[in-house]
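Residues per chain are reported as follows:
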Amino acid sequence: MIAVEQRITELRTDFDRSFAAPMGSHDVEHVELLAVQAAGRPYALRLGQTAGLHPDRPVTPLPGPLPALLGLAGFAGTVVPIYDLAALLGHPIAERPRWLVLATGAPPLGLAFHELDGHVRVPAEAIIAEAAAEGRRGVLRGMVTLDGATRPIIDVPTARAAVHELAGHELETTEGAAS
Amino acid sequence: MMAGRTFGFKLAASFGLTLALTLLMTATSVLALRYVMTTKDDVIKSATTSLVGAEELSRTMERRIGGYRAFLLNKQTEWLNATNADRALFLTQVNNLRSSLADDPTALKLLEAVSTDEATHNTVVSDLITKRQNMAVLNIDLLNDPRAKPARDALLAAIDALISRVHATVDKATTESNDRATAAIIFIIGLGLVLIVGSAAVAWRLSRDLRREVGAAVGHIQSSSAQLEAAAAQQANGGRDQASAMSEITTTISELLITSRQIADSAQRVSKVAEDTADAARTGDATIDQTRASITAIRTQVDQIVQHMLALGEKSQQIGGVVDLVSELAEQTNILAINATIEASGAGEWGRRFAVVAEEIRKLADRTAGSAKEIRTMIEDVRGAVNTTVMATEIGAKAVDAGSRQFDDATNSFRRIAQLVATTSDATREIELSTKQQTTAVEQVNAAASDTARASRETEASAVQTRQTAAHLGTLSGDLLDLVGSGRH
Numbered sequence: 001m002i003a004v005e006q007r008i009t010e011l012r013t014d015f016d017r018s019f020a021a022p023m024g025s026h027d028v029e030h031v032e033l034l035a036v037q038a039a040g041r042p043y044a045l046r047l048g049q050t051a052g053l054h055p056d057r058p059v060t061p062l063p064g065p066l067p068a069l070l071g072l073a074g075f076a077g078t079v080v081p082i083y084d085l086a087a088l089l090g091h092p093i094a095e096r097p098r099w100l101v102l103a104t105g106a107p108p109l110g111l112a113f114h115e116l117d118g119h120v121r122v123p124a125e126a127i128i129a130e131a132a133a134e135g136r137r138g139v140l141r142g143m144v145t146l147d148g149a150t151r152p153i154i155d156v157p158t159a160r161a162a163v164h165e166l167a168g169h170e171l172e173t174t175e176g177a178a179s
Numbered sequence: 001m002m003a004g005r006t007f008g009f010k011l012a013a014s015f016g017l018t019l020a021l022t023l024l025m026t027a028t029s030v031l032a033l034r035y036v037m038t039t040k041d042d043v044i045k046s047a048t049t050s051l052v053g054a055e056e057l058s059r060t061m062e063r064r065i066g067g068y069r070a071f072l073l074n075k076q077t078e079w080l081n082a083t084n085a086d087r088a089l090f091l092t093q094v095n096n097l098r099s100s101l102a103d104d105p106t107a108l109k110l111l112e113a114v115s116t117d118e119a120t121h122n123t124v125v126s127d128l129i130t131k132r133q134n135m136a137v138l139n140i141d142l143l144n145d146p147r148a149k150p151a152r153d154a155l156l157a158a159i160d161a162l163i164s165r166v167h168a169t170v171d172k173a174t175t176e177s178n179d180r181a182t183a184a185i186i187f188i189i190g191l192g193l194v195l196i197v198g199s200a201a202v203a204w205r206l207s208r209d210l211r212r213e214v215g216a217a218v219g220h221i222q223s224s225s226a227q228l229e230a231a232a233a234q235q236a237n238g239g240r241d242q243a244s245a246m247s248e249i250t251t252t253i254s255e256l257l258i259t260s261r262q263i264a265d266s267a268q269r270v271s272k273v274a275e276d277t278a279d280a281a282r283t284g285d286a287t288i289d290q291t292r293a294s295i296t297a298i299r300t301q302v303d304q305i306v307q308h309m310l311a312l313g314e315k316s317q318q319i320g321g322v323v324d325l326v327s328e329l330a331e332q333t334n335i336l337a338i339n340a341t342i343e344a345s346g347a348g349e350w351g352r353r354f355a356v357v358a359e360e361i362r363k364l365a366d367r368t369a370g371s372a373k374e375i376r377t378m379i380e381d382v383r384g385a386v387n388t389t390v391m392a393t394e395i396g397a398k399a400v401d402a403g404s405r406q407f408d409d410a411t412n413s414f415r416r417i418a419q420l421v422a423t424t425s426d427a428t429r430e431i432e433l434s435t436k437q438q439t440t441a442v443e444q445v446n447a448a449a450s451d452t453a454r455a456s457r458e459t460e461a462s463a464v465q466t467r468q469t470a471a472h473l474g475t476l477s478g479d480l481l482d483l484v485g486s487g488r489h
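Residue numbers (the working numbering), protein chains in the order written: chain H, 1 to 179; chain R, 1 to 489.
Treat each hint with caution, since some may be false.
[Stated by the list, open to error] Mimicking DMTMM-like on lysine to aspartate or glutamate, the simulated pairs with C-alpha atoms at most 25 angstroms apart in a straight line are:
1) 363/R / 5/H
2) 363/R / 117/H
3) 363/R / 343/R
4) 363/R / 130/H
[Said to hold, decoys possible] Per the computed footprint, the stretches of chain H lying under chain R, defined by three or more beta-carbons under 8 angstroms from a beta-carbon of chain R, are:
5) 6-19
6) 47-59
7) 116-126
Hints are computed from structural coordinates only; laboratory data are not their basis. Note that beta-carbon positions come from the ideal geometry of N, C-alpha and C, so glycine has one too.
Make a model of the complete structure from these sequences and hints.
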């Protein structure tokens, strides 16, 4: 009971301190990341490259030759194609993913993954940047160390390009303009 | 012929033979006497009837002659009647003689001559009587008849001749009778000699048989008495041995009696112990009932514990449901915070302030989720502990059941032991009773053994007496052999 009361006191103190902290901590030196898991492997997503996070959304299956295309889902009156992130990364499809993250830009695109490990905020220097690569390996750009484990960072615009490539399109994206 | 017959039979046969010979002799003597008597009777008859009749003829004729002479003298009717009566008597006597002399023709012939001479004489006499009747005065000369004397002489001579003949006949019969009597005497003497010889033979045979058979029998008696003496001596020894053996038996039975009484005492003690055991078993029965009630109470308590534990598990599951709800809410809050952060990132400076709030909300949601996860872990621990407790309690309940069953078995065994103890108590009482009866029986056997010992001593005494009697019998049989004449064997 004493430990619980101590935690309650700590929580209350943290909560009160959050109102007293300066706003400077919310600046460009920090990067917002989503720690996710696809097919049991840890990855990270830049929160700035997403337009929304949704769990357990109904996905209507769409017949087609692409195993990565899970189907279509509706978001605020817009029909969005949903692609399996694990399939895009070349992992075998294990089970239906629970989580959806909407990519920024147009046309709308939804990426599905299995587990959400959390929302983290890391300093920008904690991210190890790397150059863009060709093909599927180009989807992963950079790595970050979270809780002692290294996670590859999925670049959402590259993933959109890979999806377009899979679908046979050569469209100009607004990715660059958005970032 | 007499072989194989009893000595009494032989004796009876000998006496019977002797008696038969005596009877034969007696009968023969009687017959001989009868014969001699008949012969003598004939002689007497001829002597009395014929000789006396013939001599009476003479006397009657003399009286007739006298009668008619008296009539002739005095002519009195009295004399006439008398002479007529004498004549009638004479004729009657002649007729009688004729019948008695029927077996002698010579005498009959002489009698007929007498009859003829009498008729002649009667004719003469009748003439004289008639003359006298016609004569009023006696004239003797007229009455002198020359025929009278020859007729009278002839008649008397004829009568004398008859008397002589009858005399001769009587003498001859007497001689014959004497001869027959002599012959009868000789026959009887001969028969007597035969009888004496037969009786002597029978007596000799009887004596020989008596000597031989009685001798043999007495010899047997002597040897048997010797054997009897030996047997009596042996019996006396046996009786003595038996008496000593019976004395030992009596001693042994007395010891047996003591042992039997000790057994009876032991059986009584065992019976007492068995009754105490039965009482203890009854007390143990009450304790068993109490223990059974305690076990039942434990079983009920264990059931209640299981129920309470199951209820606790159910409640913790309900808490888990609430925690799931809190987790869901925390997750949704987290998602909302993330989305708010996403939205805020595109909203400039205000958006940045809102992002700070969203950050705090997200932190709270994370902490809530962490606390919910801790609660979830605790609840899982609680449920695991509840499950472990339920399992342990059920194992305990099963152990209690098993213990109850074992206790039932133990109770049954104990009750069976109690029954067996009761049965043992009964059996012990029966043993006690039987042993007492056995003691009584042994006492009776002891008394009977004492009686038998006394009887054995009496048997010994009587055997000694029998031996003495047998010796006496041997002496007596020797004396009897001397009496019979066979001598001592």
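Status of the hints after comparison with the structure:
no., hint, in the structure
1, 363/R / 5/H, "holds (19 angstroms)"
2, 363/R / 117/H, "holds (14 angstroms)"
3, 363/R / 343/R, "holds (17 angstroms)"
4, 363/R / 130/H, "violated (31 angstroms)"
5, 6-19, "holds (count 4)"
6, 47-59, "holds (count 8)"
7, 116-126, "holds (count 3)"
Checked against the numbered hints given earlier, the structure breaks only hint 4 and satisfies all the rest.
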